[in-house]
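*Asks:* Dock chain P against the given chain V, drawing on the hints supplied.
Heads up: the protein sequence lines correspond to chains V and P, in order. With this note's numbering applied, the first sequence covers 1 to 886. With this note's numbering applied, the second sequence covers 887 to 1495.
It should be emphasised that the hints constitute simulated quantities derived from the structure, not laboratory data. Just so it is clear, the structure is predicted and the values come from calculations on it, not from any experiment. Backbone N, C-alpha and C define an ideal beta-carbon position, used for all residues, glycine too. Treat each hint with caution, since some may be false.
Here are the computed lysine-lysine pairs in the DSS-like style, where the Cα-Cα straight-line distance is at most 25 Å [as the list claims (entries may be wrong)]:
hint : chain 1 : residue 1 : chain 2 : residue 2
1    : V       : LYS602    : P       : LYS1003
2    : P       : LYS1295   : V       : LYS709
3    : V       : LYS687    : P       : LYS1295
4    : P       : LYS1003   : V       : LYS833
Not close to chain P: a few residues of chain V, all C-beta gaps over 12 Å, as computed [claimed, not checked]:
hint : residue
5    : ARG474
6    : ASP548
7    : ILE614
8    : LEU667
9    : GLU675
10   : PHE766
11   : HIS814
12   : SER858
Heads up, incomplete: computed chain V residues facing chain P, CB under 8 Å, no partners named [what the hints assert, rightly or not]:
hint : residue
13   : TYR623
14   : THR624
15   : MET627
16   : SER650
17   : LEU651
18   : GLN654
19   : CYS656
20   : GLN659
21   : LYS683
22   : ARG690
23   : PHE712
24   : SER713
25   : LEU743
26   : PRO769
27   : LYS771
28   : TRP775
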Amino acid sequence: MTTLEDGTGVCSKGPGNRERSSLRLQQAFITQNEADSSVTVWQSHLICLNFFKTSSQARRRPCFSLNRKIELYEMGWNLKDGLRECLVAAAPYGGPISLLKGHNRRSPSARPQLEIYSSSGLPLASFPWKSGVVKQLGWTVSDDLLCVQEDGTVLVYDLLGGFKRHFSMGNEVSQSQVLETKIFHSPYGTGVAILTGALRFTLATNIDDIKLRRLPEVPGLQGAPSCWAVLTQDRQSKVLVANGSHLFILDNTACTPVTPPGLSPQASSIVHMCVSFSYKYLALLTDSGHVWMGTSNLKEKLSEVDTKIKTPPKQMAWCRRPKSQQPSAVVMWDGLLIVVGECKETIQYHLDDDSILVPELDGVRIISGTHHELLQEVPGACEEIFKIASMAPGALLLEAHKEYEKESQKADEYLREIKEQSLLSEAVRQCVEAAGHEHEPETQKTLLRAASFGKCFLSNFPPEQFVSMCRDLRVLNAVRDYTVGIPLTHTQFKQMTVQVLIDRLVYRKLYPLAIEICRYLKTPEYQGVSRVLKHWACYKVQQKEESDEVIAKAVSVKLADAAGIFYSEIATKAYESGRTELAIKLLEFEPRSGEQVPLLLKMKKSPLALSKAIESGDTDLVYTVVMYLKNELNRGDFFMMLRNQPVALSLYKQFCKHQEQDTLKDLFNQDDDHEELGNLYVKASYKEQRLEARIALLQSAVDEYYKAKNEFSAKTTEDEMRLLRFQRKLEEEKGELLVGFSLHDTMTTLLSVGLHKHAEQLYKDFRVPDKRFWWLKLKSLAEKEDWEELEKFGKSKKSPIGYLPFVEVCIKHHNKYEAKKYVSKVTPEQKVKAHLAVGDMEGAAEAAIERRNESEISTVLSRCSATTDHLLMERLNRAKATAVKK
Amino acid sequence: MAAWRDAPELPDFSLLKRLARDQLIFLLEQLPGKKDLFIDADLMSPLDRIANVTILKQHEVDKLYKVELKPIVSSSDQLCFLIRPRIQTVKWISDLVNADKVAGRFRRYKIIFTPQKFYACETVLEEQGVYGDVTTDEWNFYILPLDDDILSLELPEFFRDNFLEGDQRWVTTAGSALHLLQSVYGSFSKVYGIGRCAKMVYESWRELMEEGEQRTRQPEFAKVFLVDRDVDFVTPLCSQVVYEGLVDDLFRIKCGSVEFGPDVTSSDKSIKVMLNSQDKVFSEIRNEHFSNVFGFLSQKAKNLQTAYDKRRGMDIQQMKAFVSDELKGLKQEHRLLSLHIGASESMMKKKTKQDFQELLKTEHSLLEGFEIRECITYIEEHINRQVSMIDSLRLLCLLSITENGLLSKDYRSLKAQYLQSYGIKHLLTFANLRQLGLLEEQQAGETLTVMESKVGKLVNDKTVGKLTDAFSSLAKKSNFRALSKRLALVPKSGEEYDLRVPRDMAYVFSGAYIPLSCKLIEQVLERDGWTGLEEVTRMLNGQEFAVTEARNKTDAQRIVLVMFLGGCTFSEISALRFLGKERGCRFIVVTTAITNSARLLEALLDNHA
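Here chain V stands alone, though its shape is the one from the complex (with noise of 0.2 Å):
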């Protein structure tokens, strides 16, 4: 039920955390491209231009949003070379840093080292790399290391080294060899792309569910294209791949050439491109050193920029906020970072070191040897409050706080001009966003007082955007922290959700960290606190130098209290990291015992396991472990072993009567239940159509049963193969289908046919009760209307069942007149029904009156009608008087 109602959120128990991660992300990609495509107006036009531009020719709207470039870490690393030589790859979202130096190095004496940091700079592993050449490194959605090689196979990490396990990317590339990779993320989680020798690319969406997609050749390829990208449309993910000017898009089945609309015709090669965070737009390097930028559908074109450099840049990226009109890119260059926009103007930022930009979902991380920035348009609350000579509420209203903390009565003259226009509750949000969108806790600070201090004067505004600003900022300032080294900006921490950022923080193995957040947000204990303590749990367990006992105590001690915590899953990591004993000590904790069993099977404890089964009361999870044993075990332990569970035998024999009726022989003979065994062979004997082999059957039947000392199933049974006899003969010699019927439909069929003789032969020898054939062949005879043998047939001695029935049989078969031959037969008792059934009522009237039976009486009082049988009536009343009154 949860997935019809939560959607794709929530993973109810799923076999770890990383799916959910995913998972939360994937929706975080979906929810952002909706955001994108919202629309806000950015009042570009507000822009105080001497922010930054100081030589721009002011006159024309400005083109320019506002950026801004933040400081976040000075690097903690100590890189020699700084970033030259190296390969790198930064995760969105404040994630990991990886660096491989040297990689192109070959020979086993001077191993390429394989490093992985936090955003801040602080090493989180370092090793040297023994596997094949790298030719691309990349971070997946649950922040796993993804190494591509040379070969086309894929191996993937963990952010603190583990090797998790690795994939090929298929034949086809390993033998033409990898010469571009590029790793994306979309909603379907993390893809690899990879260009192969052959210039075909090959592509996979999801690296958590491989399947290998091989696009269409691109016509006319020479040599590598000079670039290209991964785009996310129409829920499928293509290549756009730039030949010279040309440009294709790939998809599943075809490749389609497309031309960018109103790109400058002195291009003659494209040389770069980059997609949008939200793959929703597009921009485009030329040769001719423009810069084309429009929608990734290539519908339509936002603006075309000259860089006037015609050198290949290094690297390029969107750098644009969600709901902001303004396009922006940026471009790298070897010490050169060139800002382009709306206009021709470009802003250009000088860079003393080898950089990377990582491009973010509000802005674009600059990483360099010694620093870390971030690069972003200026979100809206910031600008209104910080430009110059600002008269926004949230500018007044920051202002009037400065003056109310130096009890200047100008705070109450700021404080009018806003309530004036009343936009009190304006300038506070102004400033509780704006300091959301702030890096400096001083700063935050002063935003929030602001914000308060102006709270104060509104009488019912609600508190849930300040007091959660409030948590989130905590929250974020503890993540941003330099040991820490996640620098998120709010806006991505709202897209990634505090059960992501959870998750991260447990990657990092920062358990204490993600247990305060989870109960300083409150978050549910099952996607908070349990959740932390369950991974720290795992990651316990598999702590080589405790003992088994330390372990479990201290486990069972620091899990005791929290709800929704599945011990199997610890229990699971203890084995699989090779502990079967702590496993097994683990899951004494468990009270499910449905989720013992399948690790107990596992850790080939089946005995353990059957009775745990047992326990549970659950069918399925004993035919899980019966089944599995069948397999594992030779038959004859295998039925000792059901032996001692009559459970799970009772179980067993329900899936042989369908699966193996042979097996279920031999487990009743093993129990020497010859009772069952009879029952079984009565019924394959019907499923035999051969008679002799039925009744060869029934011998055996027969033979069990006495064994079981039941002799009335036994005899039974052997008068049913009479019968069969029996009818066989009949059969042959009279050609009546006799054979499977009843003895009494035997009967039946024989006298309607008139054989009265074999039917009275199976009277006989069947000690059929006088009453049962006295009923037979009164019917028979009914039913042929044979009224003359009817009539010697009930003189031929007294009835059994008396003369009743033969009145009640002709009455149905219509026939008054044979009826009342039988009426004077009929007992005393039964005088009046006989009389009744006919419909003499003066008779009945007559017996009733004459036995003096009340209800009789009434019986034929009822029957009567009051216009033709009056003076009976009369006289039945009278009787009845005198009845009653004895």
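*Replies:* For chain P alone, coordinates are given in the frame of chain V:
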């Protein structure tokens, strides 16, 4: 329903249908493109109540087939199977897949198990080597609301599987059903139950509760009563005489609707009618004793006539109003009325005959314990005349239960006669009946009692087995007769019982017997537990429990959920409705299936296995 004015409102169960439908649609969409859908025969009617053909077609179901366990003719490249998790069906699918493989045909197969997937089914797929070729899924369609106060799991096989075969696989299903109710309608404050299966269901439900997240919402019902069918076999074995029960006995109500044949509709075709509280006529007579129904219907007919007659002397305006407001309702009522009159006529024909009266008389004598010899003679004749295979069996069982088993002599002779009438294959039927304790021979030591077979499943040690043997034969001494005395199930004979103004639940059996199951429920609710009923529970082989989950005082306290594990009859539902009316509360019946004597006994025949 004016009489229930002060009774609490029932929760809206149509939500359950909507949940089930949404999930089914979701599952169908998992297999995009045109596909043929194969449906288990017994899922057809329930499915129809959830999603009709139009909805299925909207989700690209091309053709619909019934699962017949025969080779199929389908040209579709995608086959979807909607089935109960039965080994036989899965085997059939495997054969089908393998046949396609041999023919070199490639198709996509998807099996949707409902309400859940069983491991055994997957094992079959694996053994047949098609595990990788099919995808499997679960449709958690646990509960079908049949009416405002009847919820059904639609699992008739629950009874045989659980009580005869000792296969408890459906226990978790029942637990999940309760869990579903709880998650949608809030948690319960008290749970009572009796029977081994009830206990297991409760355990399984509790585990689910602990596993899942607790939702704190206002509960819509507060008390739950779980009862095993084998606690009370007498009630379902009796002939039903309340209208709804009679309709079920005679025409077989299937999934809340019944097909009236030509003899009822007085035309040459059959009509399918939904029987629930939406049917205004039916809702008024369903709980009535049959003898009142005819009078009621004729009164109703008269009223209807007067309503029609109103239009005489109307002017144009009034006539217009009449046609637009009332006529449609009247027409509808007219149609229903004529159907029900037809049905009760046809019942009259069958049931006022001498035979039926005598049958009822015998049943009542058995319940009272009078004139047993005569009853045996009657049963004997019944068998000898081949009146009805099921009815004979029913009387035999009733005789055995009320008399604590048959005397050895009677047992053998009756059994021999029965076999002569209906064939030796019923040797297996008798074995089944004996195993369930429905039809036994009075002989200590040899017979396997219900209790013993139950204990036997738990304990395998021979000596312990012997002990329980002795124990159970001691306990066996009492049973129905003593229970009946203790709980006053059979009113004193001789007193007139006015069926028009019922004074207790006995009216559902013409005043001759109060259903044991309902009486137990009444007693436990009255005492708020089992205290004071120790002797009764001992006679019922114990296994009773009462758990308090939480305390809350709301209107919900007056809505009681009763779950019958192994089926319940319409008579029991009527009795509970009566009890509710008396006590100012309402009962919601959750059952694994609606049952009656015929269904109960047919489930124990051994011709299908």
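*Asks:* Confirm or reject each hint.
*Replies:* Each hint tested on the structure:
1. V:LYS602 / P:LYS1003: 21 Å, holds
2. P:LYS1295 / V:LYS709: Distance of about 17 Å is within 25 Å: holds.
3. V:LYS687 / P:LYS1295: 32 Å, violated
4. P:LYS1003 / V:LYS833: 60 Å, violated
5. ARG474: Given that every Cβ of chain P is farther than 12 Å from that of ARG474 of chain V, nearest at about 26 Å, it holds.
6. ASP548: Holds, since 27 Å exceeds 12 Å.
7. ILE614: 10 Å, violated
8. LEU667: 14 Å, holds
9. GLU675: Contrary to the label, GLU675 of chain V does not stay out of reach of chain P, its closest Cβ about 8 Å off (not over 12 Å).
10. PHE766: 7 Å, violated
11. HIS814: Answer for HIS814 of chain V: holds, closest chain P Cβ roughly 16 Å.
12. SER858: 14 Å, holds
13. TYR623: 5 Å, holds
14. THR624: 5 Å, holds
15. MET627: At about 5 Å, which falls below the 8 Å cut-off, the nearest Cβ of chain P leaves the hint on MET627 of chain V intact, so it holds.
16. SER650: 5 Å, holds
17. LEU651: 6 Å, holds
18. GLN654: Status holds, d = 5 Å.
19. CYS656: 10 Å, violated
20. GLN659: 7 Å, holds
21. LYS683: For LYS683 of chain V, the interface hint holds, since the closest Cβ of chain P sits about 6 Å away, which is under 8 Å.
22. ARG690: This hint is violated: ARG690 of chain V lies away from chain P, its Cβ roughly 18 Å from the closest one there, beyond 8 Å.
23. PHE712: Holds: closest Cβ of chain P sits about 6 Å from PHE712 of chain V, inside 8 Å.
24. SER713: 6 Å, holds
25. LEU743: Holds - the Cβ of LEU743 of chain V comes within 8 Å of chain P, reaching about 4 Å at its closest.
26. PRO769: Holds, about 7 Å.
27. LYS771: At about 6 Å, which falls below the 8 Å cut-off, the nearest Cβ of chain P leaves the hint on LYS771 of chain V intact, so it holds.
28. TRP775: With Cβ-Cβ at 5 Å, under 8 Å, it holds.
Checked against the numbered hints above, the structure violates hints 3, 4, 7, 9, 10, 19, 22; every other hint is satisfied.
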